[in-house]
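J.: Sequence:
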Amino acid sequence: MKKIGVLARPEKHDERLYWCINGEIKQVIMEYGYLPYLIYPIHLNDELNEEDCNILKEQLKECSGVILQGGSEIYGYDRYVCSYLYEHDIPTLGICLGMQTMAGGKLDRMDDEKIKNHYDQKDAKHAHENWIQPGTKLFEIVEEVKIPVNSRHHDYVLDTDLFVSSYSKDGIIEAIEDVHKKFYIGVQWHPESMIAYDKVSKKLFDAFFQVIGGQNETKTNSAYCEGEDTFRK
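In terms of our numbering, the sequence shown is numbered consecutively and its last residue is 234.
It is possible that part of the hints are untrue.
[Claimed, not checked] With a Cα cut of at most 27 Å, we get these calculated DSS-like pairs of lysine-lysine:
#1 LYS4 x LYS107
#2 LYS183 x LYS4
#3 LYS4 x LYS147
#4 LYS58 x LYS126
#5 LYS62 x LYS170
#6 LYS170 x LYS126
#7 LYS4 x LYS182
#8 LYS182 x LYS200
#9 LYS138 x LYS204
#10 LYS126 x LYS138
#11 LYS200 x LYS183
#12 LYS183 x LYS138
#13 LYS147 x LYS182
#14 LYS107 x LYS200
#15 LYS170 x LYS27
#16 LYS107 x LYS138
#17 LYS170 x LYS4
#18 LYS107 x LYS170
#19 LYS126 x LYS147
#20 LYS3 x LYS204
#21 LYS182 x LYS203
#22 LYS107 x LYS13
#23 LYS27 x LYS204
#24 LYS182 x LYS3
#25 LYS62 x LYS126
#26 LYS3 x LYS27
#27 LYS170 x LYS200
#28 LYS183 x LYS147
#29 LYS203 x LYS4
#30 LYS203 x LYS170
#31 LYS62 x LYS147
#32 LYS183 x LYS27
#33 LYS126 x LYS204
#34 LYS147 x LYS170
#35 LYS204 x LYS147
[Said to hold, decoys possible] Just the calculated beta-carbon pair ranges, DEER-fashion:
#36 TYR198 x GLN134: 23 to 29 Å
#37 GLU74 x LEU36: 24 to 30 Å
#38 LEU159 x SER84: 41 to 47 Å
#39 PRO149 x MET31: 35 to 41 Å
#40 GLY77 x TRP132: 20 to 26 Å
Derived by calculation from the structure, the hints in this document are not laboratory data. Idealized CB from N, CA, C, for every residue including glycine.
Working from the sequences, and respecting the hints, build out all of it.
T.: So, in structure tokens, the structure goes:
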């Protein structure tokens, strides 16, 4: 069974550090017939030494693709992993903080007006609409110029060297990509939370897993039910 790496996020509880995976992302990976594989560093130091890099490298070599999940802060290991994935053309899907890391980590805090659209509605199925740039890989996948998305972020990408494939109405960068890679796409929203009721989210994951495992395998293993609001349990 092919492994899909998920870059772990650090969480502290009772003074103990835990390395975590988003349960919805884990479920999506398993429903598509792949094995979730948690990637984690030795520590949270911003500077990585050779041993730190080698440990991450050995984990990444196990992965057929990687999902960079959401979180609250970008660390040194995030930057190294992003650089390795890009250099070795490993299929990569970045979500929220993962997308911000792919973009280069040049972030700023949104003002109060933008917060209303992008964070205050974090529990809504659809918080706002995004415009997709025609001619991009993302447009090729979703086949829509305008899509509704959820939103849970209060920081936003200021600038990036990657191609911006989607903006929100208020000018926030919502998706980035490199068309020269097999699959290197980052989105600011959370498709893992929408896949049960949103066809665009399913199309995005379909495209990611098709690159990794081939079209027939992905369609067979996908557990999304057309017309139903749930994955099969």
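J.: So, for every hint listed, does it hold in this structure?
T.: Now for the hints, and whether the structure bears them out:
{"no.": "1", "hint": "LYS4 x LYS107", "verdict": "violated (30 Å)"}
{"no.": "2", "hint": "LYS183 x LYS4", "verdict": "holds (17 Å)"}
{"no.": "3", "hint": "LYS4 x LYS147", "verdict": "violated (33 Å)"}
{"no.": "4", "hint": "LYS58 x LYS126", "verdict": "violated (37 Å)"}
{"no.": "5", "hint": "LYS62 x LYS170", "verdict": "violated (39 Å)"}
{"no.": "6", "hint": "LYS170 x LYS126", "verdict": "holds (18 Å)"}
{"no.": "7", "hint": "LYS4 x LYS182", "verdict": "holds (20 Å)"}
{"no.": "8", "hint": "LYS182 x LYS200", "verdict": "holds (24 Å)"}
{"no.": "9", "hint": "LYS138 x LYS204", "verdict": "holds (12 Å)"}
{"no.": "10", "hint": "LYS126 x LYS138", "verdict": "holds (24 Å)"}
{"no.": "11", "hint": "LYS200 x LYS183", "verdict": "holds (22 Å)"}
{"no.": "12", "hint": "LYS183 x LYS138", "verdict": "holds (10 Å)"}
{"no.": "13", "hint": "LYS147 x LYS182", "verdict": "holds (24 Å)"}
{"no.": "14", "hint": "LYS107 x LYS200", "verdict": "violated (31 Å)"}
{"no.": "15", "hint": "LYS170 x LYS27", "verdict": "violated (31 Å)"}
{"no.": "16", "hint": "LYS107 x LYS138", "verdict": "holds (23 Å)"}
{"no.": "17", "hint": "LYS170 x LYS4", "verdict": "violated (37 Å)"}
{"no.": "18", "hint": "LYS107 x LYS170", "verdict": "holds (20 Å)"}
{"no.": "19", "hint": "LYS126 x LYS147", "verdict": "holds (16 Å)"}
{"no.": "20", "hint": "LYS3 x LYS204", "verdict": "holds (20 Å)"}
{"no.": "21", "hint": "LYS182 x LYS203", "verdict": "holds (21 Å)"}
{"no.": "22", "hint": "LYS107 x LYS13", "verdict": "holds (25 Å)"}
{"no.": "23", "hint": "LYS27 x LYS204", "verdict": "holds (18 Å)"}
{"no.": "24", "hint": "LYS182 x LYS3", "verdict": "holds (20 Å)"}
{"no.": "25", "hint": "LYS62 x LYS126", "verdict": "violated (36 Å)"}
{"no.": "26", "hint": "LYS3 x LYS27", "verdict": "holds (14 Å)"}
{"no.": "27", "hint": "LYS170 x LYS200", "verdict": "holds (21 Å)"}
{"no.": "28", "hint": "LYS183 x LYS147", "verdict": "holds (24 Å)"}
{"no.": "29", "hint": "LYS203 x LYS4", "verdict": "holds (20 Å)"}
{"no.": "30", "hint": "LYS203 x LYS170", "verdict": "holds (23 Å)"}
{"no.": "31", "hint": "LYS62 x LYS147", "verdict": "violated (37 Å)"}
{"no.": "32", "hint": "LYS183 x LYS27", "verdict": "holds (22 Å)"}
{"no.": "33", "hint": "LYS126 x LYS204", "verdict": "holds (17 Å)"}
{"no.": "34", "hint": "LYS147 x LYS170", "verdict": "holds (10 Å)"}
{"no.": "35", "hint": "LYS204 x LYS147", "verdict": "holds (14 Å)"}
{"no.": "36", "hint": "TYR198 x GLN134: 23 to 29 Å", "verdict": "holds (25 Å)"}
{"no.": "37", "hint": "GLU74 x LEU36: 24 to 30 Å", "verdict": "holds (27 Å)"}
{"no.": "38", "hint": "LEU159 x SER84: 41 to 47 Å", "verdict": "violated (19 Å)"}
{"no.": "39", "hint": "PRO149 x MET31: 35 to 41 Å", "verdict": "violated (26 Å)"}
{"no.": "40", "hint": "GLY77 x TRP132: 20 to 26 Å", "verdict": "violated (34 Å)"}
Hints 1, 3, 4, 5, 14, 15, 17, 25, 31, 38, 39, 40 from the earlier list are contradicted by this structure; the remaining hints agree with it.
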